[in-house]
Amino acid sequence: MKKLIAAGYFLLMGILWPGKSRAQEQEIAQLLLNVEKLAQFKSILQNMYDGYKTLSDGYNKVRDVASGNFKLHQVFLDGLYAVSPDVRKYWRVADIIEMQIKVLDEKKKALSMFRSADVFSAGNMEVLEKTLSKLSSGSFLELEELLLLLTAGEMRMNDAERLEGIDRLHNNMQGRLIALRKFTTEARLLAVQLTREKAEISTLRQQHGIQ
Numbered sequence: 114m115k116k117l118i119a120a121g122y123f124l125l126m127g128i129l130w131p132g133k134s135r136a137q138e139q140e141i142a143q144l145l146l147n148v149e150k151l152a153q154f155k156s157i158l159q160n161m162y163d164g165y166k167t168l169s170d171g172y173n174k175v176r177d178v179a180s181g182n183f184k185l186h187q188v189f190l191d192g193l194y195a196v197s198p199d200v201r202k203y204w205r206v207a208d209i210i211e212m213q214i215k216v217l218d219e220k221k222k223a224l225s226m227f228r229s230a231d232v233f234s235a236g237n238m239e240v241l242e243k244t245l246s247k248l249s250s251g252s253f254l255e256l257e258e259l260l261l262l263l264t265a266g267e268m269r270m271n272d273a274e275r276l277e278g279i280d281r282l283h284n285n286m287q288g289r290l291i292a293l294r295k296f297t298t299e300a301r302l303l304a305v306q307l308t309r310e311k312a313e314i315s316t317l318r319q320q321h322g323i324q
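Counting the sequence shown from 1 gives a position; our numbering is that position plus 113.
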């Protein structure tokens, strides 16, 4: 098609300007060639941009998971088109994600409550924060592994192996959530006890006129 356009262009130039030199014809041919190269270059740039955008979108989705911004349908379902439906629709997949969200949410609420209670020393608060952070940060690793299991082409595994891996992650996440709840319950009971003791001490001070 491009050759026909070029031939027509040369024919038109010959009719309108019969006295044009061979050098001018070569310049016109070079100009057409440059236009064609420019179009090819623009196509290459567009392909490079599309490839970059795909990688960038994938990175942003993983980053959103790591920061606790759960766009569940985007992050997990985008990469499942080539994975077996038996794996894709396995009920424990959604359960793992839901438990991970609970881990983050309950950790955040627990820290807020412990800080507002104002009964723990700076050292005790540091221990509480480190323990809760350790429990929650481990859940991110399990979520990343789940993403690999659900994404086609990332791991050379058959369906049975993928399902076995999901079962393992489900048990790990379940154990992590149970451990978090046990720890926060014990810390909450301690906070109640310390609050009661603080109130009793304050009452005794008032009774004895101690400021």
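Rather than coming from a laboratory, the hints here were simulated on the basis of the structure. Treat the hints with caution; some may be incorrect.
[Said to hold, decoys possible] In silico SDA-like cross-links for lysine to any residue, where the CA-CA straight-line distance does not exceed 25 angstroms: (1) Lys215 - Gly288; (2) Lys247 - Ala292; (3) Lys247 - Lys295; (4) Lys222 - Phe253; (5) Lys202 - His283; (6) Lys221 - Leu248; (7) Lys215 - Tyr203; (8) Lys222 - Glu277; (9) Lys221 - Val240; (10) Lys311 - Arg228; (11) Lys295 - Leu276; (12) Lys222 - Gly278; (13) Lys222 - Ala273.
[What the hints assert, rightly or not] Pairwise CB distance ranges, derived in the manner of DEER restraints: (14) Asp280 - Ser234: 37 to 47 angstroms; (15) Glu277 - Ser246: 52 to 62 angstroms; (16) Arg228 - Glu257: 23 to 33 angstroms; (17) Leu254 - Pro198: 33 to 43 angstroms; (18) Arg294 - Ser229: 18 to 28 angstroms; (19) Lys221 - Lys311: 19 to 29 angstroms.
Backbone N, C-alpha and C define an ideal beta-carbon position, used for all residues, glycine too.
Exercise for the section: Hint by hint, work out which the structure violates, then give me just those numbers in ascending order. Expected result: 8, 11, 12, 13, 15, 17
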